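Could you build the full structure based on these sequences and the hints that come with them?
There are 2 protein chains.
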Amino acid sequence: MHPMPDPATHTVLPPGSTIGILGAGQLGKMLALAAARLSLKCHIYCDAHGPAMDVAAAHTIAPYSDLSALAAFAAGINAATYEFENVPLDCARHLAGLAPLRPGARALEVAQDRLTEKTFISDLGIPVAPFERVDDAASLAGLIGDVAAMTKRESTWLKPSILKSRRLGYDGKGQVSLAPGADADAAFAAIGGGPAVLEQRIGFAREVSVLLARGADGAVGAYDPPVNMHKDGILDRSVVPSGLAPAAQAAAVGIARKIAEALDYVGLLTVELFDLGDGASIGERFIVNEIAPRVHNSGHWTLEACVISQFENHMRAVAGWPLGSCERHADAKMRNLIGADALAWQALATEPDTALHLYGKGEARPGRKMGHATRILPLTK
Amino acid sequence: MHPMPDPATHTVLPPGSTIGILGAGQLGKMLALAAARLSLKCHIYCDAHGPAMDVAAAHTIAPYSDLSALAAFAAGINAATYEFENVPLDCARHLAGLAPLRPGARALEVAQDRLTEKTFISDLGIPVAPFERVDDAASLAGLIGDVAAMTKRESTWLKPSILKSRRLGYDGKGQVSLAPGADADAAFAAIGGGPAVLEQRIGFAREVSVLLARGADGAVGAYDPPVNMHKDGILDRSVVPSGLAPAAQAAAVGIARKIAEALDYVGLLTVELFDLGDGASIGERFIVNEIAPRVHNSGHWTLEACVISQFENHMRAVAGWPLGSCERHADAKMRNLIGADALAWQALATEPDTALHLYGKGEARPGRKMGHATRILPLTK
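Protein sequence lines, in the order shown, are assigned to chains W and E.
When we follow numbering that gives the first Met the number 0, the leftmost residue of the first sequence carries the number 0, and every step to the right adds one.
When we follow numbering that gives the first Met the number 0, the leftmost residue of the second sequence carries the number 0, and every step to the right adds one.
Since the hints were derived computationally from the structure, they do not count as laboratory data.
Source: prediction; values computed, not measured.
Beta carbons are placed, not taken as given, at the ideal position from N, Cα and C, and that holds for glycine.
Heads up, a few of these hints could be off.
[Claimed, not checked] Some but not every residue of chain E turned toward chain W, in silico, with C-beta under 7 Å: (1) Leu-32; (2) Pro-321; (3) Asp-352.
Now the structure itself:
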């Protein structure tokens with residue numbers, strides 16, 4: 000008789016341990032499915048019912064501000080993580096005092112506020128798009144009414160620009176494009192008010208993302224960066240290989256690694272990069288758009304094209320396990336099923352070489368991510 | 000706003016439908032994980048807690064004979080299936096009256112009794128090992144004491160032979176090897192008594208298995224048959240490709256298809272075949288050892304080497320969906336982790352190109368299937 004090891008006495012959480020996940024969406028669901036392969040159990044905590052709860056050993060529905068619910072949650076788990084970057088900071092900090100939280104609250108703090116994020120990355124010597132803090136319509140009016148003011152920070156500062164709310168933006172929400180002379184009050188109304196950053200619109204060739212895993216021991220691994228195509232501000236397709244030459248790929252991964260190390264990050268970190276193309280020098284080729292302290296839509300193809308997916312490597316890191324290889328054994332084209340796209344599930348289910356993923360959200364609302372489909376192709380490297 | 004279709008009015012069960020699974024072991028767990036990808040929910044019914052319950056939306060722990068628990072279970076599901084072949088027939092028949100049961104009770108009836116199984120297959124004109132019904136020690140003594148009697152049925156009837164209990168045998172349990180003159184009482188005691196079959200031990204080259212999916216519409220697909228190696232009566236490894244030439248593979252798949260059609264089978268059917276090798280004529284090359292009316296350990300490699308696994312194709316069939324392709328995009332070597340093998344999980348987690356699966360059973364008892372590891376290799380066809 001060989002009992003499996005006891006989670007309480009192991010820093011590497013043994014099979015049978017329970018990982019708490021804040022958030023119950025499709026990312027939490029796919030994290031829970033990956034954990035299940037390793038017989039790590041999941042306890043989902045969310046303020047509403049979500050798809051992840053259908054595949055987890057336990058779940059709690061309570062506000063993120065409910066300290067007693069969080070305490071009860073923490074008492075039943077061996078480590079915690081989160082599947083979305085808008086977990087209230089107070090919640091994350093409180094939880095981190097009760098159970099190991101990976102990644103930590105600092106990664107959330109940086110990712111939740113575009114000003115903090117851009118400042119943090121810029122301070123690491125990593126290029127970001129030129130930006131200005133704008134707290135209200137008056138200061139915005141000062142900037143957009145005055146082309147001279149827009150060029151004062153950087154000689155490359157160009158119009159048009161984008162006003163982005165500092166907090167709670169995703170999938171193109173909380174953003175509006177501006178041209179000099181635009182109406183400042185209307186622009187602030189369009190992003191829902193609140194503090195914002197004015198960001199130069201960069202003329203980039205395309206977007207790529209780095210999906211980098213960092214273990215509790217500091218080991219890192221990175222998947223081949225996909226190239227990402229958007230539609231209406233929402234990710235539409237991610238494709239590997241991206242065509243990046245090895246040196247360019249190494250530079251992109253190097254940026255993500257620098258950020259992960261500066262955050263002492265544990266888990267899967269996503270860094271979205273604007274790729275200025277082969278014409279740019281290697282040190283200036285990539286501009287960080289934003290980071291996500293979590294698994295990412297642009298990495299869903301790792302489920303089929305890699306032996307160890309982004310989801311499993313995240314859960315391995317959270318559990319203190321050795322990371323698995325990020326190597327890819329196939330080419331892949333992932334496309335999102337947005338809103339009514341998912342109603343074609345019967346036809347999608349018969350597409351050749353295609354893995355269909357449906358998230359289990361009730362209503363196929365316009366703009367809602369309902370699933371994705373990944374087509375696998377022979378490896379071309 | 001696009002509501003997803005209503006399960007109650009669709010014969011093809013839409014995403015969000017609930018499939019009931021009888022049994023809560025690792026096969027049920029992997030079925031539930033595959034269902035989750037399609038946002039089909041699972042309700043696990045078992046007489047004890049098991050790993051599948053940790054990844055299912057609902058579970059019931061009740062005896063298989065509890066008619067009111069079965070009625071409550073049936074009321075909450077849109078279709079039912081099972082993950083082990085020893086579901087009591089009364090339970091299956093009762094449930095089939097309350098919800099669509101796929102595969103049906105007839106497949107269980109055939110697979111549960113070695114005499115029924117061998118007779119059924121033999122009556123289809125498919126070769127099985129020569130066998131005799133033996134109800135008690137006296138009739139066994141008559142057979143094994145008399146070599147002439149052992150040869151009366153078939154001219155190829157050879158010693159030694161194997162006594163197998165008709166019911167509840169798996170992983171080599173309920174079997175004992177015999178030679179002429181062996182003690183009949185001791186042999187019956189060794190298999191736990193009860194009605195049995197005496198079966199000729201076949202001098203086969205190796206064992207292969209066919210994993211065949213059949214949809215509710217009668218469409219069929221088959222995975223490349225793996226070659227299977229056993230240790231101490233338990234499956235140790237399954238490898239694809241098996242090296243079977245196309246004509247031989249077609250013959251093996253043809254046998255499974257004939258059986259599936261005779262049973263009007265819906266779901267994934269496994270047929271274990273003794274392969275007599277290239278020396279045998281194509282019609283006599285394969286001898287059916289046994290069938291399993293379920294997904295099978297020898298098909299676990301389909302999780303990584305195929306876009307649509309045996310588990311997903313089973314759940315597609317149960318839900319009335321179109322089958323997915325059974326095509327393989329990689330070579331694979333699956334090995335089981337039996338008993339204490341699974342204690343090496345930290346080392347196993349770092350093996351290159353290897354997907355580690357741990358089932359989440361508490362104690363690593365000798366002979367207990369605790370997990371498996373599948374190594375993926377480039378496709379050689």
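Structure-based check of all given hints:
no., hint, result
1, Leu-32, "holds (6 Å)"
2, Pro-321, "holds (5 Å)"
3, Asp-352, "holds (6 Å)"
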